[in-house]
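Peer 1: Letter by letter, the chains look like this.
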Amino acid sequence: MIRLDNVTKVYKDSVKALVEVSLEIGKGEFVFIVGPSGSGKSTMIRLLLKEEEPTKGEIFVAGKNIGRLSPWKVPYLRRNIGTVFQDFKLLSDKTVFQNVAFALEVIGKAKHDIAVRVPEALDLVGLKDKVGNYPNELSGGEQQRVSIARAFVNRPLILLADEPTGNLDPGTSVDIMKLLDRINRTGTTVIMATHDNAIVDAMRRRVIELDGGHLVRDQARGVYGYGA
Amino acid sequence: MARRVDYYFKETLQGLRRNGLVAFAAVSTAFIALFLVGGALLVGSEVGLLIAKTEANVEVSVFLTNDIPPSQQANLQQMLETMPQVQSVHYESKQEAYQRFLSLYADQKALISNVSPDALPASFRVKLKDPSQFDVVAVQLEGQPGIDRIVDQRALLNRLFAVTRVFRVGVLVVAIIMLVSAAALIGNTVRLAVFNRRKEIGIMRLVGATSWHIRMPFLIEGTIEGLLGAGAAILGLFIMKVSFIDPLRGKIGFFPLVGTPQIVHTVPYLLGGGVLVAGVASMLAMRRFLEV
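Note that the protein sequences, when read in sequence, are chains A and B. So the first sequence is numbered by my numbering: it starts at 635 and just counts up by one. So the second sequence is numbered by my numbering: it starts at 116 and just counts up by one.
Read the hints as simulated data drawn from the structure, not as lab findings. A hint or two may mislead.
[Claimed, not checked] Counterexamples of contact, computed for chain B against chain A with all Cβ distances above 12 Å:
| no. | residue |
| --- | --- |
| 1 | L164 |
| 2 | D222 |
| 3 | Q268 |
[Unchecked claim] Listed below are the simulated EDC-like cross-link pairs for lysine to aspartate or glutamate, each with C-alpha atoms no more than 16 Å apart in a straight line:
| no. | chain 1 | residue 1 | chain 2 | residue 2 |
| --- | --- | --- | --- | --- |
| 4 | A | K661 | A | D647 |
| 5 | B | K244 | B | D263 |
| 6 | A | K728 | B | E315 |
| 7 | B | K314 | A | D721 |
| 8 | A | K707 | A | D727 |
| 9 | B | K314 | A | D747 |
| 10 | A | K723 | B | D267 |
| 11 | A | K728 | B | E126 |
| 12 | A | K743 | B | D121 |
Source: prediction; values computed, not measured. By construction, the Cβ of each residue, glycine as well, lies at the ideal position given by its N, Cα and C atoms.
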């Protein structure tokens with residue numbers, strides 16, 4: 635599903651965010667990307683979304699070399715990738731329903747299609763009874779569920795989550811992880827960048843560790859750190 | 116498709132409402148610029164009308180000396196009448212010239228009392244088939260005895276037209292400067308609208324909206340500002356016509372004046388210009404902000 639071949643990303647101020655990283659993630663996998671702040675996790679996510687170009691190396695998403703993708707095709711790449719962030723990125727002047735529907739509206743989906751898919755997605759994340767609420771009326775965990783519903787409503791092949799539990803308390807984080815696990819079971823590849831060791835240790839999934847831009851560990855059923 | 120139109124309309128309306136004052140400034144500048152463009156076009160139409168009207172009547176005056184012998188005068192008349200460029204020749208005697216003078220300056224008694232019938236020269240009033248053939252006729256008359264002066268009325272009119280042309284260029288230059296400021300202001304409202312909605316735009320990009328889809332509401336917003344300016348300019352031209360041109364109609368002799376047909380003629384130029392300037396300004400304003 636995703637392959638990185640010797641990917642290096644150097645920013646203008648010669649900061650090396652990623653150095654010679656090669657990895658492959660199969661369809662339906664659940665992968666943690668761990669490492670301290672500034673280790674290159676977020677850079678990897680931006681590269682996968684083609685928000686940035688690698689300095690060297692090639693990236694394949696769903697069989698396509700995204701370095702060769704023309705700019706006008708980038709939106710279609712992104713329709714295959716759902717994204718969830720630490721800060722939820724919800725629109726405060728829209729209701730829960732409208733926030734999720736927005737993702738379908740702006741890619742030109744038909745109204746009747748939206749009317750079916752949005753309730754389905756909200757049902758999946760357990761927010762069926764909050765459709766008319768505004769984000770500021772919801773708890774942090776609920777807001778993150780809305781953003782997951784929005785990321786998943788178009789049934790992407792891949793779900794990228796960048797520190798999705800970063801703003802949540804441990805109990806709520808566990809609920810979010812259960813939700814991501816359920817999404818993973820529908821066949822969606824889930825890639826989650828985090829430095830929440832409790833979660834990584836509890837899930838026992840593949841762990842890719844970055845440190846200073848280097849890939850230092852790729853372990854099938856890993857924990858957050860050695861000796862943990 | 117219906118839902119997209121619905122979406123664009125909603126977004127555009129919201130955008131215009133959100134930065135009302137800046138949008139107002141942009142529309143007013145577009146209005147002034149396009150009003151001036153319309154004014155310049157109307158000056159052009161006026162000159163056109165004037166040329167059409169006068170070229171039909173324009174004459175070459177061949178003034179005769181006071182001591183011309185009758186035989187030479189008959190000779191000249193025959194010479195003029197046989198020229199292929201000449202349509203008709205009319206002899207205006209001193210007495211006729213005086214009568215015309217009297218009617219032209221009927222309200223200036225002092226002037227009339229100072230001029231005796233004998234003071235005005237007799238002349239041949241020559242109408243040409245093609246008024247631009249004056250030089251050909253003048254060369255053939257050159258050196259003929261009994262001729263005092265040859266005057267081409269067209270030369271006088273040309274001087275008038277040259278003045279109006281300079282005036283028109285001046286108006287157009289001001290109009291272009293105003294159009295550039297209008298473009299800058301429209302670009303600014305678009306930029307503001309983009310800035311106000313940067314969060315939505317960020318999400319739209321993430322979920323895979325095409326850049327055209329993201330740009331469309333802003334493009335429509337800018338274009339509507341241009342169109343509103345053009346509409347106001349057209350309205351302004353009509354108001355100008357009703358309040359300044361219509362009262363003059365028929366009061367200054369043979370002078371033709373621009374009217375509704377000429378203003379209607381400017382409409383497509385003003386609307387097209389407004390849309391073009393606003394559209395280009397909006398696209399340029401967005402180019403820097405909406406890279407995928």
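Peer 1: If you test the structure against every hint from before, which numbers come out violated?
Peer 2: The structure breaks hints 4, 5, 8, 9 and 10; every other hint is satisfied.
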